[in-house]
Every structure is written in C-alpha cells, then in structure tokens.
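2 protein chains.
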Amino acid sequence: MITLDFSKSVDGLIPAIAQDYQTGEVLMLAYINNEAWQHSLNTGNATYWSRSRQKLWKKGESSGHVQKIKAIYVDCDLDTVVFKVEQIGGAACHKGYASCFYRRVEGDELVTIAEPVFDPEKVYKK
Amino acid sequence: MITLDFSKSVDGLIPAIAQDYQTGEVLMLAYINNEAWQHSLNTGNATYWSRSRQKLWKKGESSGHVQKIKAIYVDCDLDTVVFKVEQIGGAACHKGYASCFYRRVEGDELVTIAEPVFDPEKVYKK
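Here the protein sequences line up with chains A and B, keeping their order. Position 29, counted from 1, in the first sequence is what this note's numbering calls 29; the numbers after and before it change by one each time, with no gaps. Count along the second sequence from 1, add 126, and you get the number used in this note's numbering.
Hints were generated in silico from the structure; no laboratory data involved. Fair warning: there could be bad hints in the mix.
Claimed, not checked - With a cut-off of at most 20 Å between alpha-carbon atoms, the simulated EDC-like pairs for lysine to aspartate or glutamate come out as follows: (1) K95(A) x D20(A); (2) K194(B) x D108(A); (3) K8(A) x D137(B); (4) K70(A) x D234(B); (5) K70(A) x E25(A); (6) K196(B) x E25(A); (7) K70(A) x E151(B); (8) K134(B) x D11(A); (9) K70(A) x E232(B); (10) K95(A) x D131(B); (11) K68(A) x D234(B); (12) K221(B) x D79(A); (13) K184(B) x E161(B); (14) K181(B) x D77(A); (15) K95(A) x D205(B); (16) K196(B) x D108(A); (17) K221(B) x D245(B); (18) K221(B) x E187(B); (19) K196(B) x E106(A); (20) K70(A) x D20(A); (21) K196(B) x E109(A); (22) K221(B) x D77(A); (23) K70(A) x E235(B); (24) K221(B) x D5(A); (25) K68(A) x E232(B); (26) K194(B) x E106(A); (27) K55(A) x E35(A); (28) K55(A) x D203(B); (29) K68(A) x E25(A); (30) K95(A) x D203(B).
Whenever a hint applies, use it, and build me the whole structure from the sequences.
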C-alpha cells in the first residue's frame, strides 16, 4: 500500500484531483483521508472524504455515476493525488456539468462555458 | 474581481491546480489565499501561498520559470481554481520534472514515468 503524507494539512486531508482519463479535462477536486485512499485503491472507484458530511463519500454510490479509476498519479511531496477516471454517466459535477470547472474567469465575470449533461433536479430527487 | 470562498478550509486556503494549457497535463497543485488570488489576476502569473514559508509565493520569481496564465476556471463551489498555464522553462516541479505527478501507482509501488527536464541541483543553487 502506498503511504501518503496526510500530516501537512490542518485537518489531515489531502486533495485528490479527478481528471478524465481520455480528454485530460479536470473534472473535480475533492479530499481524501487514509480511509478514502485505501477504499479507492481497494475498490477501483474514486472515494473521497466529505468535509460537509464528515463521512466517507463513495462517489456515485446511489446514482451509479461512479468514477472508475484508470490510473493514479502521486505528486513529489506525497500530499496530492490525481485520479485518472472514467466518469460513468458523463458528469462529475452535482450541478449536472461534466466538470465542476464549467466557468471561466473573463474580466470581473464568471462565464459558463459548458452545457449541462443532466438536470440535477431529476437526478437528485428529494 | 471574482470573489472566491476561502471560508471552508481550516486555514483559509483553497487549492489551485496548474494545468498545461496545451496538453492538459496537470502540472502541480498549490494553495492560494485572497492575496495570492488577486496577485495572480493582476499580474497574469500564477501566484500561490506557501504553507511552509507562510508567505506569498510568486512562482518562478527567482528562476524566471513563471507560469503564464492563459485562462482560469472556477469550480461550482468557488473553492478551487484551475490555472491553465504556459510553464516557462518546461518544468513545474522542484525536482526537475515537467509535472509534480511524475509517479504512477502500480500495485504497491510508485513508478517514475517521466524524465526530468532539468537537474534541480543546478537550478536551485545553494
């Protein structure tokens, strides 16, 4: 098991970047602790630690829109990882976009530069 | 000026992902506070906050190997940014590699999958 350095952040979490394994598009960034890291390695599905819910976040567990890990890269300091993933369902963002980075800075404005893949109202039923 | 949400992390920093604007390769991840964010916007060069030195980190300031910002993307929660950059000098990593993510997880090992662009011993003179 590869050991990462969770000691440098105040909360013991390190960032994990999910990147489309084919296009290279950065899809999202979330956080992992050692439990999420081991779960990702063991299952092959990207698993994070939810800061808001303070629990393991098996992304796509309910919707089926998991992120299948194709490769993992670790940085020089062992405190950030890149998951190269296949995003099942086509959208990583809870707002229905393929990528959470669907807005570009243009001057003093944020301009939406992508079309949503799904309607979050329909996918995340109340 | 675009206002980001620095409130969610314990230390008031949010991650900035530097990505090669042409190849899409993720080069590195560092952190920004509002000062680094504004400096990046105002100068067009990626500027971070050094957690180890606790000061503004104008990347490439001494070596000239700056990251020229070609575009900036902001995520759905306003708490992560992607800098699409041109990495002057060809290497973002202090270990001399183009990307800090020069190692891939293969089983229980980290395998180096890139060649260094420069020799850090020569660039970072003591």
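A quick look at each hint next to the structure:
This hinted pair checks out: K95(A) and D20(A) have alpha carbons roughly 18 Å apart, not beyond 20 Å. A threshold of 20 Å between alpha carbons decides the hint, and for K194(B) with D108(A) the separation of about 19 Å falls inside it, so the pair holds. For the suggested pair K8(A) and D137(B), the alpha carbons sit about 11 Å apart, so the restraint of at most 20 Å is met. Taking the CA atoms of K70(A) and D234(B), the gap is near 16 Å; set against the 20 Å cutoff, the hint holds.
For the proposed pair K70(A) and E25(A), the alpha carbon gap of about 14 Å is at most 20 Å, so the pair holds. With a CA separation close to 16 Å, the supplied pair K196(B) and E25(A) stays within the 20 Å bound. Distance check on the hinted pair: K70(A) and E151(B) sit about 16 Å apart at the alpha-carbon level, within 20 Å; holds. Proposed proximity of K134(B) and D11(A) is supported: the alpha carbons are some 11 Å apart, at most 20 Å.
This hinted pair checks out: K70(A) and E232(B) have alpha carbons roughly 11 Å apart, not beyond 20 Å. A distance of roughly 18 Å separates the Cα atoms of K95(A) and D131(B); the hinted pair therefore holds under the 20 Å criterion. The straight-line distance between the Cα atoms of K68(A) and D234(B) is roughly 19 Å, inside the 20 Å bound, and the hint therefore holds. Of the pairs offered as hints, the one joining K221(B) and D79(A) holds, with about 15 Å between alpha carbons and a cut-off of 20 Å not exceeded.
A hinted pair counts as satisfied when its Cα atoms are at most 20 Å apart, and K184(B) with E161(B) qualifies at roughly 11 Å. Only pairs whose Cα atoms come within 20 Å are accepted, and K181(B) paired with D77(A) is accepted, the gap being roughly 19 Å. Pair hint K95(A) plus D205(B) holds up; C-alpha atoms about 15 Å apart against a cutoff of 20 Å. With a C-alpha separation of about 16 Å, the suggested pair K196(B) and D108(A) falls inside the 20 Å cut-off, and the hint holds.
Restraint check: the Cα-Cα separation between K221(B) and D245(B) comes to about 8 Å, which is no more than 20 Å; the hinted pair holds. Proposed proximity of K221(B) and E187(B) is supported: the alpha carbons are some 17 Å apart, at most 20 Å. A distance of roughly 11 Å separates the Cα atoms of K196(B) and E106(A); the hinted pair therefore holds under the 20 Å criterion. At roughly 9 Å between alpha-carbon atoms, K70(A) and D20(A) fall within 20 Å of each other, so this suggested pair holds.
In summary, the hint linking K196(B) to E109(A) is supported, as the alpha carbons are separated by about 16 Å, within the 20 Å threshold. The suggested pairing of K221(B) with D77(A) holds, with an alpha-carbon distance near 10 Å, which does not exceed 20 Å. Restraint check: the Cα-Cα separation between K70(A) and E235(B) comes to about 16 Å, which is no more than 20 Å; the hinted pair holds. For the hint linking K221(B) to D5(A), the alpha-carbon distance of about 18 Å falls within 20 Å, and the restraint holds.
Pair hint K68(A) plus E232(B) holds up; C-alpha atoms about 16 Å apart against a cutoff of 20 Å. At roughly 16 Å between alpha-carbon atoms, K194(B) and E106(A) fall within 20 Å of each other, so this suggested pair holds. For the proposed pair K55(A) and E35(A), the alpha carbon gap of about 10 Å is at most 20 Å, so the pair holds. The suggested pairing of K55(A) with D203(B) holds, with an alpha-carbon distance near 19 Å, which does not exceed 20 Å.
Distance hint between K68(A) and E25(A) is fulfilled; the C-alpha atoms sit about 15 Å from each other, no more than 20 Å. This hinted pair checks out: K95(A) and D203(B) have alpha carbons roughly 10 Å apart, not beyond 20 Å.
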